[in-house]
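Novice: All chains should be built: construct the whole structure from the sequences, respecting the hints.
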Amino acid sequence: MEPWFITLAIGAIIWAVYRYFIKENEYKTYGIPVNKGIPILGSFWEIFFQRRSFSDVINDIYKTHKDAKYIVVYDTWVPTFVIRDVELIKSITVKHFDQFVNHRNFTSEKNDPLFTQNLFLLKDDRWKEVRNTVSPAFTGSKLRNMFGLMSDCAKKYGENMANLPGDQKELELKDTFNRYTNDVIATCAFGVAIDSMKDRDNEFYVYGRYVQNFSGLRLLKFFFLRNIPWLANLMKLRFVEPKMEKFFVDVITESIRNREENRVSRPDFIQSLLETNKEKLEPGKKMTVLDLTAHLFIFFLAGFDPVSTAMCFAAYEIGINEEIQRRLHEEIDEVLDKCNGEVTYEALMGMKYLDALVTETLRKYPLTPMTDRVCNQRFELPPTLPGAKPYVLEKGSYVQVPVYGIHRDERYYPNPEKFEPERFMGDGKRELNPATYLTFGLGPRMCIGNRFALLETKVLLFHVFAMCSLKPCAKTQIPIVFSTKTSNMMSKNGFWFNVQPRSSQTRM
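Numbering (this note's numbering), first residue to last: 5 to 512.
In short, the hints are calculated from the structure, not lab data.
Mixed in with the good hints, there may be bad ones.
[As the list claims (entries may be wrong)] Pair ranges (Cβ atoms, derived):
| no. | residue 1 | residue 2 | range |
| --- | --- | --- | --- |
| 1 | 294 | 386 | 39 to 47 Å |
| 2 | 348 | 109 | 42 to 50 Å |
| 3 | 287 | 91 | 17 to 25 Å |
| 4 | 436 | 384 | 23 to 31 Å |
| 5 | 213 | 28 | 39 to 47 Å |
| 6 | 109 | 481 | 17 to 25 Å |
| 7 | 342 | 384 | 51 to 59 Å |
| 8 | 214 | 113 | 20 to 28 Å |
| 9 | 354 | 114 | 28 to 36 Å |
| 10 | 483 | 52 | 21 to 29 Å |
[Claimed, not checked] Straight line, CA to CA, 25 Å or less: simulated DSS-like cross-link-like pairs of lysine-lysine:
| no. | residue 1 | residue 2 |
| --- | --- | --- |
| 11 | 114 | 250 |
| 12 | 399 | 132 |
| 13 | 114 | 290 |
| 14 | 284 | 356 |
| 15 | 99 | 160 |
| 16 | 356 | 289 |
| 17 | 132 | 94 |
| 18 | 393 | 27 |
| 19 | 250 | 240 |
| 20 | 27 | 146 |
| 21 | 282 | 132 |
| 22 | 489 | 225 |
| 23 | 114 | 127 |
| 24 | 27 | 132 |
| 25 | 94 | 160 |
| 26 | 356 | 127 |
| 27 | 94 | 114 |
| 28 | 132 | 159 |
| 29 | 282 | 40 |
| 30 | 146 | 173 |
| 31 | 127 | 225 |
| 32 | 393 | 32 |
| 33 | 73 | 489 |
As the structure is a computational prediction, the values presented were derived from the model and not from experiment.
Where is the CB? At the ideal position from N, CA and C, for every residue including glycine.
Specialist: Listed below in structure tokens is the structure:
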């Protein structure tokens with residue numbers, strides 16, 4: 005390694021440590037509480053060493069200084085404002101959105117084009133342009149057209165679970181649900197039919213698992229990409245390796261070629277984007293194959309592991325609560341009776357208890373414990389505490405929204421540890437403050453794929469519980485303990501249940 009490179013890296017670390025202590029004194033003069041953690045690794049050092057789960061650390065930070073509108077934490081050596089006040093969250097993400105458009109950056113477009121061109125990481129005008137381009141693919145009518153693809157996948161998985169051999173009826177749900185989300189993403193996004201229950205090591209599944217792996221050297225690489233992007237760029241580090249990029253680009257290229265040569269179309273996302281590209285975009289703004297691949301690759305980043313984990317948490321709560329499972333079975337059976345044994349999109353969307361159950365799952369177990377924004381122009385925060393002074397965020401300052409902490413705050417959700425779908429039925433749902441339910445974010449930058457994620461979750465739960473009942477077994481962990489080895493929420497010991505077929509499955 006070149007001497008100049010080592011000198012530059014050491015100098016950057018010394019500067020970071022210097023700012024670490026200087027800025028702390030500045031915040032204190034404004035009356036802002038500071039959680040400084042330890043030098044270099046900051047407030048989240050326990051996560052880095054896998055001593056505690058991300059969600060538990062976020063919740064503890066949120067609970068400190070309960071009267072403060074915001075506090076400062078150190079995300080490694082970077083001071084970050086954790087916004088606790090829900091009205092201030094609404095102000096940042098909605099009212100003053102133009103001052104907080106972007107997420108924190110990771111790496112350069114030159115080094116990692118597939119990763120950096122996805123909608124989550126795009127910035128400013130480019131983000132707005134791409135969002136307007138891809139939004140038509142997520143309309144209700146497009147999702148209705150994809151319902152059949154999802155339902156076919158979910159039905160196969162329900163049948164597989166209902167027909168497990170006697171010695172395999174104790175099932176760990178995460179692997180099964182991972183395979184389901186993989187198959188749904190493959191068919192609905194990339195236009196490729198896959199059966200991951202039979203073809204267990206297909207490339208889609210292997211790469212999907214790899215993308216979500218944040219251990220060992222990949223964790224260290226992610227640390228550099230996120231916290232020292234200039235150094236990561238010099239080292240030419242990539243989140244998406246060239247062979248993975250080539251695989252997905254080749255899949256899209258082949259799918260486009262097949263559709264053009266055979267004049268076929270499918271009710272999937274790639275078809276919607278191709279139609280938009282052909283009919284609505286000016287010549288200079290046409291999407292390239294790499295653009296199309298990047299827009300679809302986000303499904304693997306956001307929809308493979310997080311959504312399958314949400315399905316697991318939903319099934320877990322259903323499986324350990326007999327009354328909840330009974331009510332869900334009852335609602336499913338009523339729908340099947342009305343639909344002559346074949347659920348429709350309209351019937352599924354009309355299931356109030358299933359909707360409340362999924363909503364409560366994502367309240368108690370949000371897809372991500374926190375979200376972030378970057379301030380792109382000076383913005384004055386109100387005093388964080390009575391007697392404190394307003395503080396002006398400078399351009400480039402980072403803010404975080406502690407989603408998990410807000411979702412577990414008894415001021416907004418009485419008895420927050422209790423799983424209670426009724427919170428989101430009737431008057432409870434109507435009285436909900438949008439800024440206290442942040443699973444998919446808030447404002448213009450909220451997750452564009454939220455309806456897709458909800459639909460694929462409901463479809464799976466419908467078919468699984470139409471055919472099966474779940475019973476706790478010796479391996480079922482009650483209460484659940486979160487894993488310290490993942491950034492997203494995950495059970496430490498998996499999701500084990502005894503799977504029993506229901507007699508009503510014959511109506512399917």
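Novice: Give a verdict on every hint.
Specialist: Going through the hints against the structure:
{"no.": "1", "hint": "294 <-> 386: 39 to 47 Å", "in the structure": "holds, 44 Å"}
{"no.": "2", "hint": "348 <-> 109: 42 to 50 Å", "in the structure": "holds, 43 Å"}
{"no.": "3", "hint": "287 <-> 91: 17 to 25 Å", "in the structure": "violated, 45 Å"}
{"no.": "4", "hint": "436 <-> 384: 23 to 31 Å", "in the structure": "holds, 29 Å"}
{"no.": "5", "hint": "213 <-> 28: 39 to 47 Å", "in the structure": "holds, 40 Å"}
{"no.": "6", "hint": "109 <-> 481: 17 to 25 Å", "in the structure": "violated, 37 Å"}
{"no.": "7", "hint": "342 <-> 384: 51 to 59 Å", "in the structure": "holds, 56 Å"}
{"no.": "8", "hint": "214 <-> 113: 20 to 28 Å", "in the structure": "holds, 22 Å"}
{"no.": "9", "hint": "354 <-> 114: 28 to 36 Å", "in the structure": "violated, 49 Å"}
{"no.": "10", "hint": "483 <-> 52: 21 to 29 Å", "in the structure": "holds, 26 Å"}
{"no.": "11", "hint": "114 <-> 250", "in the structure": "holds, 16 Å"}
{"no.": "12", "hint": "399 <-> 132", "in the structure": "holds, 20 Å"}
{"no.": "13", "hint": "114 <-> 290", "in the structure": "holds, 20 Å"}
{"no.": "14", "hint": "284 <-> 356", "in the structure": "violated, 37 Å"}
{"no.": "15", "hint": "99 <-> 160", "in the structure": "violated, 45 Å"}
{"no.": "16", "hint": "356 <-> 289", "in the structure": "violated, 42 Å"}
{"no.": "17", "hint": "132 <-> 94", "in the structure": "holds, 20 Å"}
{"no.": "18", "hint": "393 <-> 27", "in the structure": "holds, 16 Å"}
{"no.": "19", "hint": "250 <-> 240", "in the structure": "holds, 17 Å"}
{"no.": "20", "hint": "27 <-> 146", "in the structure": "violated, 49 Å"}
{"no.": "21", "hint": "282 <-> 132", "in the structure": "holds, 20 Å"}
{"no.": "22", "hint": "489 <-> 225", "in the structure": "holds, 16 Å"}
{"no.": "23", "hint": "114 <-> 127", "in the structure": "holds, 15 Å"}
{"no.": "24", "hint": "27 <-> 132", "in the structure": "violated, 34 Å"}
{"no.": "25", "hint": "94 <-> 160", "in the structure": "violated, 42 Å"}
{"no.": "26", "hint": "356 <-> 127", "in the structure": "violated, 37 Å"}
{"no.": "27", "hint": "94 <-> 114", "in the structure": "violated, 34 Å"}
{"no.": "28", "hint": "132 <-> 159", "in the structure": "violated, 37 Å"}
{"no.": "29", "hint": "282 <-> 40", "in the structure": "violated, 52 Å"}
{"no.": "30", "hint": "146 <-> 173", "in the structure": "violated, 37 Å"}
{"no.": "31", "hint": "127 <-> 225", "in the structure": "holds, 23 Å"}
{"no.": "32", "hint": "393 <-> 32", "in the structure": "holds, 10 Å"}
{"no.": "33", "hint": "73 <-> 489", "in the structure": "violated, 30 Å"}
Of the hints listed earlier, those the structure fails to meet are numbers 3, 6, 9, 14, 15, 16, 20, 24, 25, 26, 27, 28, 29, 30 and 33, in rising order.
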